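In my numbering, the protein residues as written are 1 to 378.
Please keep in mind that the hints were generated in silico from the structure rather than gathered at the bench. Here the structure is a predicted model, which means the values were calculated and not measured. Hints are supplied without guarantee of correctness; some may be wrong.
Cross-link-like lysine-lysine pairs, in silico, DSS-like; alpha carbons within 25 Å at most [claimed, not checked]: (1) Lys66 x Lys54; (2) Lys95 x Lys109; (3) Lys54 x Lys213; (4) Lys66 x Lys272; (5) Lys213 x Lys66; (6) Lys213 x Lys272; (7) Lys272 x Lys54.
Pairwise CB distance ranges, derived in the manner of DEER restraints [as the list claims (entries may be wrong)]: (8) Ala41 x Pro281: 34 to 40 Å; (9) Gly309 x Phe148: 34 to 40 Å; (10) Gly309 x Asp165: 42 to 48 Å; (11) Glu170 x Pro62: 36 to 42 Å; (12) Leu60 x Asn241: 41 to 47 Å; (13) Leu60 x Ile91: 19 to 25 Å; (14) Asp103 x Pro62: 53 to 59 Å; (15) His155 x Glu303: 43 to 49 Å; (16) Gly312 x Ile91: 23 to 29 Å; (17) Gly312 x Pro205: 45 to 51 Å.
Each residue gets a CB set at the ideal place from its N, CA and C atoms; glycine is no exception.
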Amino acid sequence: MLNWEDTPATAPAASSAAPRNHDDIAMASTTAAAASADTAARVRADDKRIINGKTDVNQLVPFKYKWAWEKYLATCANHWMPQEINMSRDIALWKDPNGLTEDERRIVKRNLGFFVTADSLAANNIVLGTYRHITAPECRQFLLRQAFEEAIHTHAYQYIVESLDLDEGEIFNAYNEVPSIRAKDEFLIPFINAIADPHFVTGTPEADQTLLKSLIVFACLMEGLFFYVGFTQILALGRQNKMTGAAEQYMYILRDESMHCNFGIDLINTIKLENPHLWTPAFREELHALFRQAVDLEYAYAEDTMPRGVLGLNASMFKSYLRFIANRRCQQIGLEAQFAQEENPFPWMAEMIDLKKERNFFETRVIEYQTGGALSWE
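Given the sequences, and given the hints that come with them, work out the whole structure.
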């Protein structure tokens, strides 16, 4: 499963067993928690748990984790699609031999090479693993929305690749061909495989720590760290009025991913609250090592994407930035900061992430907009 060396297996021989009826198939697809629940009993909010819950996962209400439902509603209100963004200026700039420097073109292609498959990995982690182990339906509702947004992001990167008439094979296979991208994905894939294994079930301290570790890696390190070099680079281009269509799409994606990261952190902290026995000194030290490794991998990626200074940025600036972000993620989940006090070298990124209802740098539309049905004219 999701192994770099896997080759397609031969199809199994057709079974002579009688076909299963629809009811059997539906029952087999439910989670272990739902199957063991007393479905005749009405759900009490106090009985719900994020993991290893015994309540019926098909009954959304009564709410216990209202923060998850509110985040779900917020993401729905901010729905967007890639085709809404005009790419004509980007196309003209890309086709102009003097429009971008070679270093700037390298940044664009390296960025797309990582992101076109990264969001697919994030979606795989949700639909193949995380979703079936979470037993709170409010949280499952957000996860379904998150998986859809990961698909939108993959669509957005494909839309940019198509608009610029880039070599699709080069971009989409970069995670196999570019060492700095492959190294990051190889770091992530074991944490997908561990919880996507059909034989993996929660319910023991070891298994629950495996799930919690996967949640931390994806919320804090993938979406909360691995994306930020790329976001900063493309948004820096936009600040100089270059590749403004791509930059606008990255702004929407940054907004979405910030919500994913925040949801993941709330999920992690609630699991910790409900299962304090999982937060052992040995487990925390293992997490510290993962944070340090992730910073090293993302810094290597920064060096690869910009071997020379460009856009007022250089790779060494990202060392401080990545350590700054890693410290923040550690503190958000109750870990000690891993690096000496670091300053944020890109304060303008903090403004883009934290401020709401701001127009973006090329004045085309409001980034945190709401769809028509969610707007209030009062």
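Now for the hints, and whether the structure bears them out:
1. Lys66 x Lys54: OK: Lys66 and Lys54 at ~19 Å, within 25 Å.
2. Lys95 x Lys109: holds, 14 Å
3. Lys54 x Lys213: This hinted pair holds, its Cα atoms lying about 22 Å apart.
4. Lys66 x Lys272: holds, 17 Å
5. Lys213 x Lys66: With Cα atoms ~24 Å apart, Lys213 and Lys66 stay inside 25 Å; holds.
6. Lys213 x Lys272: Given pair Lys213, Lys272 holds - Cα atoms ~11 Å apart, limit 25 Å.
7. Lys272 x Lys54: Answer holds: Lys272 to Lys54 is near 18 Å, not above 25 Å.
8. Ala41 x Pro281: 34 to 40 Å: holds, 39 Å
9. Gly309 x Phe148: 34 to 40 Å: holds, 38 Å
10. Gly309 x Asp165: 42 to 48 Å: Because 28 Å falls outside the window, the suggested range is violated.
11. Glu170 x Pro62: 36 to 42 Å: About 52 Å separates the Cβ atoms of Glu170 and Pro62, which means 36 to 42 Å is violated.
12. Leu60 x Asn241: 41 to 47 Å: Since the Cβ atoms of Leu60 and Asn241 sit about 46 Å apart, the hinted range of 41 to 47 Å holds.
13. Leu60 x Ile91: 19 to 25 Å: violated, 44 Å
14. Asp103 x Pro62: 53 to 59 Å: holds, 56 Å
15. His155 x Glu303: 43 to 49 Å: Hint violated: Cβ distance 30 Å, outside 43 to 49 Å.
16. Gly312 x Ile91: 23 to 29 Å: Holds, since Gly312 and Ile91 (Cβ atoms, about 25 Å apart) stay within the stated range.
17. Gly312 x Pro205: 45 to 51 Å: This hint holds: roughly 48 Å between Cβ atoms.
Of the numbered hints listed earlier, those contradicted by the structure are 10, 11, 13 and 15.
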